[in-house]
Each structure stands twice: as C-alpha cells, then as structure tokens.
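Asks: Assemble the whole structure, with the sequences as input and the hints as a guide.
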Amino acid sequence: MFNILWNITVLIITFLSAIFTLLGVIGLYRFKDNYARLQASSLATTTAPFTYFILALLLSNDWQSRLRVIVIILFFFISSPITTQIIARYIWKSEGETER
Amino acid sequence: MKNQITLFSIYFILICIALALFRIFVGPKTSDRLMALAVISSLVLAMLVILGVQDGKSPYLDVALLYDIFGFLGIFAISRLIKEK
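Chains as they are written, first to last, in numbering that gives the first Met the number 0: chain A, 0 to 99; chain B, 0 to 84.
If you are wondering where the hints come from, they were derived from the structure by calculation, not from laboratory data. Here the structure is a predicted model, which means the values were calculated and not measured. Even glycine gets a Cβ: it sits at the ideal position worked out from N, Cα and C. Among these hints, one or two may not hold up.
[Claimed, not checked] Covered stretches of chain A (chain B as the covering partner; in silico rule of three or more C-beta atoms under 8 Å from a C-beta of chain B): (1) 14-21; (2) 37-51; (3) 56-65; (4) 78-84.
Replies: Here it is as structure tokens:
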C-alpha cells in the first residue's frame, strides 16, 4: 500500500518537473517582449530545479545525501530569485520601458 | 524504477539544455544571452543533484553546492561588467 503510493508520487513529480522545464525553455522563444521572456525563463530557473530537488529528496537512500540536498535547497531558494532580479535590472538599464 | 526515472530525467534535462544553448548562439541582444545562461546554469545544477542521488555517486552533491554558488556570482559579475552594445 505504501509502496504503491510512493511510486505514484514519484511518477507525478517527475512528470511535473519535465513540464516545468519544457515550458520554461519554450517560453524563451515564443514571447516577443524582453520582460515576458524573463518571466518565462524564471520558470526554468527557479521552479523546475526546485521540483527536481524534491524528487531527489524522495529518491535518496540515506540521510547523509538528504541533508546535503536540504543545504542546497536553502541556498538555492535565496540565490535564484536574486539572479532573476539582477537580469531584470540589466534589461531596465539597457533598454528602459517598452512602448506598446 | 529508480534507475529508469533518473535516466529519463537526465536525458530530458540534456535536451532542454541543448535548446537553451541555441539561444546563446542566436540571440540578437546581450540580455537574451544572459537569460539563456541563467537557465543553463540552473538546469545543470538540477542534473548534478539528480546524478548525485544514485548509488555510489555521492560526491556530485558537493560539486552541486559549489556550482550553485559560482553560477550566481558569475551572473552577477557579467551583469556588472558588460554593457549593452
């Protein structure tokens, strides 16, 4: 019973993470505006690796690797949205507002 | 089951990295290339963590932590020093 539930959860999270990366990378090509492209790429930068980390937490064998993944999650959760904000500031300084 | 899922995840991430790498070659402005570089950096980090969770490949997790730190510092340095053409 618990085995079946664990298998189903792992399959659902794998499927979800694959969808997030694909949507994030396709969004780099489909949007016309620079800011909209940044919004789509932040899916592939922050959300998709976070789902992969949850998958790694489920699939690991012992507590040693789980604690390392938790340390990686802590640093990643702070640094990755700051990266997106740095890129947004770079776009603002080089282009300014977009006209519609 | 675990081997198949990690193999599928690694191949899928490799396909997405190839798609984003094409954007670095093509992109007409510097900001496009910077965005694609951030995407590649985060996807490589995810691939390292999935690799490090398998049997007997535990040092990849330490590599992943350092790669996270240096990727963040690299994007920060590029955005400060390179101006838009």
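Asks: Quick check: which numbered hints come out false for this structure?
Replies: Hint check: nothing fails, all pass.
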